[in-house]
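Sequences listed follow chains A and B, in order. Once you know that position 53 of the first sequence is 53 in my numbering, the rest is easy, because the numbers rise by one and skip nothing. Once you know that position 33 of the second sequence is 33 in my numbering, the rest is easy, because the numbers rise by one and skip nothing.
In case anyone wonders, no lab produced these hints; they're calculated from the structure. Model, not experiment: these values are computed from the prediction. A hint or two may mislead.
As the list claims (entries may be wrong) - Listed next, with one range per pair, are the computed distances between beta-carbon atoms:
1) Ala29(A) / Asp466(B): 41 to 47 Å
2) Asp98(A) / Val99(B): 47 to 53 Å
3) Pro746(B) / Arg94(A): 16 to 22 Å
4) Gln13(A) / Ser36(B): 27 to 33 Å
5) Asp98(A) / His113(B): 32 to 38 Å
6) Leu40(A) / Glu170(B): 31 to 37 Å
Said to hold, decoys possible - Below are the DSS-like pairs computed for lysine-lysine, each with C-alpha atoms no more than 30 Å apart in a straight line:
7) Lys383(B) / Lys106(A)
8) Lys322(B) / Lys125(A)
9) Lys125(A) / Lys186(B)
10) Lys3(A) / Lys322(B)
11) Lys186(B) / Lys90(A)
12) Lys355(B) / Lys383(B)
For each residue, glycine too, the CB sits at the ideal point set by N, CA and C.
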Amino acid sequence: MIKFVLMVNRQGQTRLSRYYEPVELSRRAALESELVRVCLSRSKDQVCLPDFRLVYRQYAALFIVVGISDSENELSVYELVHNFVEVLDKYFSRVVSDTIMFNLDKVHIILDEMIQNGHVVETNKSRILAPLTALDKMADG
Amino acid sequence: LVPPPRLRELIRTIRTARTQAEEREMIQKECAAIRSSFREEDNTYRCRNVAKLLYMHMLGYPAHFGQLECLKLIASQKFTDKRIGYLGAMLLLDERQDVHLLMTNCIKNDLNHSTQYVQGLALCTLGCMGSSEMCRDLAGEVEKLLKTSNSYLRKKAALCAVHVIRKVPELMEMFLPATKNLLSEKNHGVLHTSVVLLTEMCERSPDMLSHFRKLVPQLVRILKNLIMSGYSPEHDVSGISDPFLQVRILRLLRILGRSDDDSSEAMNDILAQVATNTETSKNVGNAILYETVLTIMDIKSESGLRVLAINILGRFLLNNDKNIRYVALTSLLKTVQTDHNAVQRHRSTIVDCLKDLDVSIKRRAMELSFALVNGNNIRGMMKELLYFLDSCDPEFKADCASGVFLAAEKYAPSKRWHIDTIMRVLTTAGSYVRDDSVPNLIQLITNSVEMHAYTVQRLYKALLDDISQQPLVQVSSWCIGEYGDLLVSGQCEEEEPIQVTEDEVLDVLEGLLVSNLSTPVTRGYALTAIMKLSTRFSSVNRIKKVVSIYGSSIDVELQQRAVEYNALFKKYDHMRPALLERMPIMEKTATNGPTEIVQTNGETEPSVLDTKHPPPVTQPANQVRGVIISKYAGLHLCNLYIGIPPMTAYNKNGLKIEFTFERANPNPNIAVITIHASNSTEADMTDFVFQAAVPKTFQLQLLSPSSNVVPALNQGTVTQVIRVLNPQKQQLRMRIKLTYTHKGSPVQDLAEVNNFPPQSWQ
Chain A
1 MIKFVLMVNR
11 QGQTRLSRYY
21 EPVELSRRAA
31 LESELVRVCL
41 SRSKDQVCLP
51 DFRLVYRQYA
61 ALFIVVGISD
71 SENELSVYEL
81 VHNFVEVLDK
91 YFSRVVSDTI
101 MFNLDKVHII
111 LDEMIQNGHV
121 VETNKSRILA
131 PLTALDKMAD
141 G
Chain B
1 LVPPPRLREL
11 IRTIRTARTQ
21 AEEREMIQKE
31 CAAIRSSFRE
41 EDNTYRCRNV
51 AKLLYMHMLG
61 YPAHFGQLEC
71 LKLIASQKFT
81 DKRIGYLGAM
91 LLLDERQDVH
101 LLMTNCIKND
111 LNHSTQYVQG
121 LALCTLGCMG
131 SSEMCRDLAG
141 EVEKLLKTSN
151 SYLRKKAALC
161 AVHVIRKVPE
171 LMEMFLPATK
181 NLLSEKNHGV
191 LHTSVVLLTE
201 MCERSPDMLS
211 HFRKLVPQLV
221 RILKNLIMSG
231 YSPEHDVSGI
241 SDPFLQVRIL
251 RLLRILGRSD
261 DDSSEAMNDI
271 LAQVATNTET
281 SKNVGNAILY
291 ETVLTIMDIK
301 SESGLRVLAI
311 NILGRFLLNN
321 DKNIRYVALT
331 SLLKTVQTDH
341 NAVQRHRSTI
351 VDCLKDLDVS
361 IKRRAMELSF
371 ALVNGNNIRG
381 MMKELLYFLD
391 SCDPEFKADC
401 ASGVFLAAEK
411 YAPSKRWHID
421 TIMRVLTTAG
431 SYVRDDSVPN
441 LIQLITNSVE
451 MHAYTVQRLY
461 KALLDDISQQ
471 PLVQVSSWCI
481 GEYGDLLVSG
491 QCEEEEPIQV
501 TEDEVLDVLE
511 GLLVSNLSTP
521 VTRGYALTAI
531 MKLSTRFSSV
541 NRIKKVVSIY
551 GSSIDVELQQ
561 RAVEYNALFK
571 KYDHMRPALL
581 ERMPIMEKTA
591 TNGPTEIVQT
601 NGETEPSVLD
611 TKHPPPVTQP
621 ANQVRGVIIS
631 KYAGLHLCNL
641 YIGIPPMTAY
651 NKNGLKIEFT
661 FERANPNPNI
671 AVITIHASNS
681 TEADMTDFVF
691 QAAVPKTFQL
701 QLLSPSSNVV
711 PALNQGTVTQ
721 VIRVLNPQKQ
731 QLRMRIKLTY
741 THKGSPVQDL
751 AEVNNFPPQS
761 WQ
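Looking at chain B on its own, in the form it has when it is part of the complex (with noise of 0.2 Å):
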């Protein structure tokens, strides 16, 4: 009987496959062999059976028919067996398939075995993919051997213990003991596993972080240690000893000092030793420094050494290594608010990043510049920002364009540096700006009174060269058609102002409504303006023409707008210059979702963009036609202006959601809520769901979220639409189920949200 391949030569018959096909039938034919080389219990060829299928496994193909060969192996007394068992058994089974609970007991009789490297084994898979039954189950074998004076099984107990811990919490308990002089060995390995240890220990429960603070010390000679001990060739990394070991140890300080004085005053010098003495010229240098940038600013350091820290990173940005610079961005964007002042200092080099060739560290350099902005650099940085802005990839144009806006709104030095900044954004990035900005700026321009004629005139010039930006020709029309008045009177003081007729303009308006780069929405925004214009322009008869043309128009939007336009025109003439008038100065609500202001000596700021999602739609929003709702049958016209304000709605153990509201037109039962989740800790919330329930006489519809990871220290937001009828126009309540998982274990909570404003349902 010929003996089955052995795994090399199944590589190399499956690498003269020339085609997906071909490899495939190769791989079957190979699994039937082996299918039945297992049915005829072969002992002396599974193991090299097994190893195949973990080979073709690997490539995409199912293996679930090895698992009971896996056992089957780890159960054999050859090395060589129970080695292939083992790989297969962390490969190809989890917790999920029932088999897994069949190993227990070789497992623990593994543990006990006189060879260590069997025990290794045991304690690799263990610490893998053991379930909570089987962790429950050999978690005193594990402790056993945590106390073992054997450093290759001691080091992997402790990792071992890790995963126990991880699944059965209430065991932690049991490797107290166990921990005392875990810190006293001299195997680097042992040291190194032990300090995860100590770490995943403090991470869950506050009492052993308090326990373990009298660590300290021993860490602190320990790190001492490994920096001034002369070269050790065991541990010799580029010149540096054991760097590995050094950024765990500061981990681990890092989370023992976090919130404790005496730690970190216990730990301050060697941190400043460590920040001055460890060479820069090579990558395991850097490494430690960074980690060593993170903990002084985690724990209660003192200035200077806070100064330091940020010297570090601003020397990391002048670093060639592009990954020493992209990782000193993403440190400062989390130091800015706390230590504004410290990073102001780099800002000269921050900006300079923006030119940097690298994606990653372009966006990097953009959120942070956009934090630094503040009332005293508006002008300069914006200038630079600018200039990114109309070099930069598309990719980022959208935010970019947000954050300018967004920062102009906040430290504008003028309303003409304003609104000029607008049409800078707008006609560079035009067709890039979000649709929310519009309902944004116009609600700006509105309200910068003295500079309407400036303002038109501007956006009539801009329309003339380039119709193609929506966004841009959006604004414009709606500009037009409320102070085209101003345009043609030439009332402009802050430049020459043009000469241009009421034809002209029209021919503009009417232009875009015929034009094919216009979207409906825009068309929508054109026939309005032109409707608009009819009280403040004299020829009427022109307009009076072009409403009626569009009341045939195929384009139902349109065409019910025009047929409305019309019926005012023939039967509510003497409602019209009431309707269309002047609007008001709007007021603004405060603005909601993930941006908050953090008061700095003195300044406010704004907190990190989100890298994925906008920045919040300041309040009033959506609707801009103009018109008021009426009880007249036939003519619906409805509020340009609701503003509800937002509401927290669940904020606990970090997570905060807060709803934004609109109401949907043309139907006014319906309120359209955003939900908008943040996570202030410092671990994301994965796999988020958000669900809600409202009573019998509401209908609720959810959409599909942004995301399901809410990113840690309030970094971006996850934001679900919600839409409501509400018929009846009962008090909103609702209740919601959040679940998400947070450092690796799940929650879940249930919360009823009662307190929504009366406007979100009347």
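Chain A with its partners taken away, still in its complex shape (with noise of 0.2 Å):
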């Protein structure tokens, strides 16, 4: 299963964060930035570390890391991560650092529509912004 989900920009900052398993928050901010570390210093985009194994894609200045266990694939979820930014990058015409800061809310949903529990619930990008799209409707409405 997936454990967690993170997008940090190259200085370390968190840009969205949405963990599966409970983790404490005093420990949140010391791995999230140990993770950038680790990640910047490679240049491999899968690695591993005590506890979960990472699987990471780098766009531009951000980093999605996503931990998850032993038994999932880490080749599919190296796919999933695209799959993501490309429903963001449809539903927002183009996506960068800034784009996912201001509009946090609309992307956990986004997130929440793919991904519950740690598993993979939809992947079909119009499906999966069928819910914001309607809720658009109704904010305009």
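Make the complex out of the two chains shown on their own, each in a separate frame, by following the hints.
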């Protein structure tokens, strides 16, 4: 299962964090900065840390890091991250680090439609975005 | 009254902060404003305020005062409120807070709401952080939604059911009828989550597993459709139709086929089809192939299919993408024991990976190379591995050196080769060799009787070059102390004997004593070596002088030794030759610890080496001072060799705990036990805690463990040291308590350990 999803920029600032397994607040900050340090220092996109495995992808200045358990297929999660970015692209037209930051609640909603409780629930882009577009219509109307 | 700022404005404001202190100030100000707004029970802006609170929570600031507000938002009728409320609940609450129980009623109502998006929210939140009580209360509603025809809700209900089952395993039966036609759904989202639900049920209950085996044909059909169907724009990812679903189905097939011949046979064809038809040019295809390989290796597949799988892995090794290579090496590591010959065919590719630039790949390649070493390829492999040892990063050197020693011990084609290999390791990576290798090597050298002259000569020459690598220096000093006479008399047969005088040898050893590079342990070795030479060399006076000088050394250990040796010269000179004579051949007891010897096709190989933990210490071990316990006052001389055999203290549910023993010098009443915990199941055991209690006449001290995760499939061990004081020399008994988390559930067990070998407490 997926243990957490993080989006961090190169300075180590967290842009989005979602944990599917309880992790104490105090530990989170340390964990996130260490992750960025590890990801930055390697040229490879896949890495091993004690307790869980990491799959990460870099998109310009943003790192999307997913922590997974041993039973998960890393290459599949790699594709999942890309799928997630494509969904974000579709909704926001152009995704930069700032977009994530200013629309944090919407990104969370999208993430919830894709991953629930540590497992993938939907990968089809239009279906993922359906509730969000409905919400937008409700907010406008 | 000014409306409170929106989330965006807050973020913009915070970004203008130039220091951490400034940011903190801004946030505290905002928190204060939000708090007063909450107190005023402001309904209009609550949503906005909670959103800001969530952002601040993400940055690491406390946000607990917003918990109750989330509940109020959930209870509101507006969808925007509910949305933020549920999000807040998922981020801020978990079952440790009592507040969360208040949500139960809201969730119950929302599960029956008229709008599907609200129902979806409730399902999502329940599935995320519902406690066992909540799950028990609401399981019925979830089950109802599992049977609905609305695919949006059905898929979420399936995952929510997974969470309910995890929290309250007894309720699994309840969801069984709903699963009947889950797989006939067309909607991929539902299919996907249904497969996840079925996987969870099968993993938890062997009855469910046998029950669901009948689904194998249906799963095979679905998979076939995915592969054979043409382009489907809805699910396409780089030309492959819904790879995520394919991977999930393959995983479920793996679980279903695992120990069952019929199921395995039923899926044979489709696995072969997937393996041969999937596009390998993109990562997507490789992801599916990877899962297929894992499945093939796990079920009872026929050998042709297994060879196909290993060949796929072999091809992965040649892929340009380092991720693929990494994944291939990891999988090969898991299968090297069972399909050894097939993996051997790819040995040269694996060895090439040692030269890869990436650190993780190098490590995996190293472990795999060690696993592939056998009697036939030892010379070639060792050449590559020694070359790797020369050029690799320091973080690898210790493990590599230990691995080389282990492999050399098992498969050395000749004693000369063995000693040469050891010399090579000591001279190139001497400072990285683990301290426990020193006694092992000494034992090895002692037992290779015909090589003594050659060994001591080579070690002496190495010492002349470099005295900075402590393990090398220690082994060399010990050898010179033992075989110095052979060195001086030039008896070497294997190579040109060097001309060296007694004085030159003593110069070198004394040099070690004064050098800043020598550690106290090394100095101890050097002093003892000098002492031993007093019975082998003729320049006894020089040795007496050195020994008496060190009788006033600041280092207490050296001082004690020197004083004792002095006493040996003065009062017990008649005993000296006997005490310092040549060491006898030491018996080797069996290796213990995490390495298991697996018999495959007549070859015995070591299993996979740990990444983090050193390979086991062969038993004799620790003290190498070469003196004997004596009853004479003032003369403490301790036993070299304590061969207490290891024992298995506990072996249940895949967790095995072995005890290895040492005696702590100088107090012979203290037994030092090292526990080695290994895990042969498929899932890691986390939060592993080992506790022990002993009867009143003993005292126990537990040192910190090496880690608290016992990795799956015997890939590593957790070690921990226990010191037991046994002044009354009573029979050692122990009660142990083990707690760990396995596959999400906590496990606890108590056991009595009574089978301690007599030597450990006598």
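>> Checking each numbered hint in turn, tell me which of them this model violates, lowest number first.
In response: 2, 3, 6 and 7
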